[in-house]
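**Q** Letter by letter, the chains look like this.
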Amino acid sequence: MPAEINFHVTRYNPECDQAPYVKTYRVPVREGMTVLDGLHYIKDNLDSSLAWRYSCRMGVCGSCGMLLNGRATLACNTQILHIATTDLTVGPLPNFDIIRDLVPDLLTMFEKHVAVKPYIVRADEAELDDPAGEFYQSPEELGAYLQFTYCIKCGCCMAACPTLATDARYSGPMPLAAAQRYNADTRDDGRRARNQLTGSSHGAFRCHYAGECSRVCPKGVDPAKAIQYLKRQLVLDYLHLARRKKPCAKMHGPGQGKPLANITPAPAKTV
Amino acid sequence: MAEIKRHDNRLGLWGWLGGGRWGIERYAYILHRLTGLGILLYFLMHVVVTSLRARGIYLWVEGGVFHQPMFKFGEFLVFAAFAYHALNGVRLVLVELGLAVGKPIEPVYPYKTSLGVQRPLLIAMMILAAILLAAGGYNFLSLAK
Ligand code: SF4
Ligand code: SF4
Ligand code: FES
Chain A
1 MPAEINFHVT RYNPECDQAP YVKTYRVPVR EGMTVLDGLH YIKDNLDSSL
51 AWRYSCRMGV CGSCGMLLNG RATLACNTQI LHIATTDLTV GPLPNFDIIR
101 DLVPDLLTMF EKHVAVKPYI VRADEAELDD PAGEFYQSPE ELGAYLQFTY
151 CIKCGCCMAA CPTLATDARY SGPMPLAAAQ RYNADTRDDG RRARNQLTGS
201 SHGAFRCHYA GECSRVCPKG VDPAKAIQYL KRQLVLDYLH LARRKKPCAK
251 MHGPGQGKPL ANITPAPAKT V
Chain B
1 MAEIKRHDNR LGLWGWLGGG RWGIERYAYI LHRLTGLGIL LYFLMHVVVT
51 SLRARGIYLW VEGGVFHQPM FKFGEFLVFA AFAYHALNGV RLVLVELGLA
101 VGKPIEPVYP YKTSLGVQRP LLIAMMILAA ILLAAGGYNF LSLAK
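Top line first, the protein sequences correspond to chains A and B. Quick note: the first sequence, position 224, residue 224 per my numbering, numbers continuous. Quick note: the second sequence, position 54, residue 54 per my numbering, numbers continuous.
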């Protein structure tokens, strides 16, 4: 039998509302139904003016971050009956401006993300633009940053961080985790350039390990951990204790490597 | 294009206090900030009070204001704040140097975070803080008699 759940949804229309308010909708819920499904039910049957952001509906695109029962998480991978028996509050991610209803303005996060140079930085720029070979990286070296690559930029960590709540200029967990993702990549040589920002007064040292970012992250990225690695490296760099390492070298051109004996050759090209 | 109106949804101080209902580290974070501010306030008062000496005012002598029970209790609070702040600070130094958070792992569901790795350290520090508080409290009480 379907349960009826009261969805208490934050509404805000910039054209006519002074401030956000909460509107309640009764939604019949089946087992397995996600909060995203519930919002679709409201839009299709109860109130077509409700706005929110989503795309993939499977926890991949990072668009549907919301505050569900006070906790920042993805609407598409949260089942209603897992978190509610009678009532469910649905609000936009805090620490971001509200554009409309459940749609936060994530631009501040993306600007901070771009600022940490979230890409491989190397002196041989020509090679990056027009690659003529491959860079060698061992599985262990990959393991040093792989966890931090799973971030889908949903902003849940930014909404949960108490430091960001009082310091709007703090870079925040997502951009700092992205900085560590590239700093730890052996192909990269941009750490010292990133240190300018990550070591600034609104950078990594603003974090005091409240850990909320890691607790809410829907992808297991553990940004709090990345930030602590970032701090260690900043301290070592500041004290000139870090060994200067060259980024890993180019191995050989495409197709010029020696394949291992136990690897089946690739099938012939079809296009 | 006309500028779209937005609603500022920053949590402010509420983000420290009201949002904390999930993890012990968040409470440790709030308490660390509050005790830090408390110790700073004490330090400022301390400077003012001792500087009054230049005007011949000695508030701390036998029978002076600072021998009132309220100030004794206040002193104990300063000690408690110091004990907590120092011990939690040791944990934070270790954590922030990346020493107590473990290695990067593959995020396989159910996700594990570094919070679990440093939790024993947090618990050990809190037990130490509790022992210090009990010893300090005993000392204050016996001096008060
Ligand atoms: S670190 Fe996690 S919570 Fe933060 S933006 Fe990335 S996926 Fe979302
Ligand atoms: S660990 Fe740092 S970045 Fe993460 S929520 Fe806490 S203060 Fe913010
Ligand atoms: S809709 Fe893509 S992550 Fe939820």
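Calculated from the structure, these hints are not laboratory results. Idealized CB from N, CA, C, for every residue including glycine. Misleading hints may appear alongside valid ones.
Said to hold, decoys possible - So these bits of chain B aren't anywhere near chain A, every CB distance computed over 10 Å:
| id | residue |
| --- | --- |
| 1 | GLU25 |
| 2 | GLY38 |
| 3 | ARG53 |
| 4 | LEU99 |
| 5 | ILE105 |
| 6 | VAL108 |
Claimed, not checked - Heads up, simulated BS3-like pairs for lysine-lysine below, C-alpha to C-alpha not over 30 Å straight-line:
| id | chain 1 | residue 1 | chain 2 | residue 2 |
| --- | --- | --- | --- | --- |
| 7 | B | LYS5 | A | LYS246 |
| 8 | A | LYS246 | A | LYS258 |
| 9 | A | LYS23 | B | LYS103 |
| 10 | A | LYS245 | B | LYS5 |
| 11 | B | LYS112 | A | LYS117 |
| 12 | B | LYS103 | A | LYS153 |
| 13 | A | LYS117 | B | LYS72 |
| 14 | A | LYS250 | B | LYS103 |
| 15 | A | LYS117 | A | LYS43 |
| 16 | A | LYS258 | A | LYS117 |
| 17 | A | LYS117 | A | LYS269 |
| 18 | A | LYS23 | A | LYS43 |
| 19 | A | LYS269 | A | LYS246 |
| 20 | A | LYS153 | A | LYS117 |
| 21 | A | LYS117 | A | LYS23 |
| 22 | A | LYS258 | A | LYS269 |
| 23 | A | LYS258 | A | LYS245 |
| 24 | A | LYS117 | A | LYS246 |
| 25 | A | LYS153 | B | LYS72 |
| 26 | A | LYS153 | B | LYS5 |
| 27 | A | LYS43 | B | LYS5 |
**Q** Hints first: check each against the structure and report whether it holds.
**A** So, going through the hints one by one against the coordinates:
1. Not every beta carbon of chain A lies more than 10 Å from that of GLU25 (chain B), the smallest distance being close to 4 Å; the non-interface claim is violated.
2. The beta carbon of GLY38 (chain B) sits about 16 Å from the closest Cβ of chain A, which is more than 10 Å, so the claim that it is off the interface holds.
3. No beta-carbon of chain A comes within 10 Å of the beta-carbon of ARG53 (chain B); the shortest separation is about 37 Å.
4. Separation of LEU99 (chain B) from chain A is inadequate, the least Cβ-Cβ distance of about 8 Å not exceeding the 10 Å criterion.
5. For ILE105 (chain B), the requirement that its beta carbon stay farther than 10 Å from each beta carbon of chain A is not met, with the minimum near 6 Å.
6. For VAL108 (chain B), the non-interface assignment is contradicted: its Cβ lies about 7 Å from the closest Cβ of chain A, within the 10 Å cut-off.
7. A threshold of 30 Å between alpha carbons decides the hint, and for LYS5 (chain B) with LYS246 (chain A) the separation of about 49 Å lies outside it, so the pair is violated.
8. The suggested pairing of LYS246 (chain A) with LYS258 (chain A) holds, with an alpha-carbon distance near 24 Å, which does not exceed 30 Å.
9. For the hint linking LYS23 (chain A) to LYS103 (chain B), the alpha-carbon distance of about 45 Å lies beyond 30 Å, and the restraint is violated.
10. At most 30 Å may separate the alpha-carbon atoms for a hinted pair to count; LYS245 (chain A) and LYS5 (chain B) exceed this at roughly 49 Å.
11. Simply put, LYS112 (chain B) and LYS117 (chain A) have alpha-carbon atoms about 28 Å apart, close enough for the 30 Å limit, and the pair holds.
12. Taking the CA atoms of LYS103 (chain B) and LYS153 (chain A), the gap is about 22 Å. The hint holds against a cut of 30 Å.
13. Between LYS117 (chain A) and LYS72 (chain B) the alpha-carbon distance is near 54 Å, which puts this suggested pair outside the 30 Å criterion.
14. Distance restraint check for LYS250 (chain A) and LYS103 (chain B): the Cα-Cα separation of roughly 27 Å lies within the 30 Å cut-off, and the hinted pair is therefore satisfied.
15. For the given pair, LYS117 (chain A) sits about 39 Å from LYS43 (chain A) by alpha-carbon distance, which is inconsistent with the 30 Å threshold.
16. The straight-line distance between the Cα atoms of LYS258 (chain A) and LYS117 (chain A) is roughly 34 Å, outside the 30 Å bound, and the hint therefore fails.
17. Note on LYS117 (chain A) and LYS269 (chain A): the hinted pairing is violated, with a Cα-Cα distance of about 36 Å set against a maximum of 30 Å.
18. In summary, the hint linking LYS23 (chain A) to LYS43 (chain A) is supported, as the alpha carbons are separated by about 13 Å, within the 30 Å threshold.
19. About 36 Å separates the Cα atoms of LYS269 (chain A) and LYS246 (chain A), which puts this hinted pair outside 30 Å; it is violated.
20. The hinted pair formed by LYS153 (chain A) and LYS117 (chain A) meets the criterion: a straight-line CA distance of about 15 Å does not exceed 30 Å.
21. Between LYS117 (chain A) and LYS23 (chain A), the direct Cα distance comes to roughly 41 Å. Violation of the 30 Å bound is thereby established for this hinted pair.
22. Taking the CA atoms of LYS258 (chain A) and LYS269 (chain A), the gap is about 19 Å. The hint holds against a cut of 30 Å.
23. Of the pairs offered as hints, the one joining LYS258 (chain A) and LYS245 (chain A) holds, with about 27 Å between alpha carbons and a cut-off of 30 Å not exceeded.
24. For the hint pairing LYS117 (chain A) with LYS246 (chain A), the CA-to-CA distance comes to about 19 Å; that is within 30 Å, so the pair holds.
25. Taken as a hint, the LYS153 (chain A) and LYS72 (chain B) pair is broken in the structure, with Cα atoms around 51 Å apart against an allowance of 30 Å.
26. Distance restraint check for LYS153 (chain A) and LYS5 (chain B): the Cα-Cα separation of roughly 24 Å lies within the 30 Å cut-off, and the hinted pair is therefore satisfied.
27. At roughly 23 Å between alpha-carbon atoms, LYS43 (chain A) and LYS5 (chain B) fall within 30 Å of each other, so this suggested pair holds.
When the structure is compared with the earlier hints, violations turn up for hints 1, 4, 5, 6, 7, 9, 10, 13, 15, 16, 17, 19, 21 and 25 and for no others.
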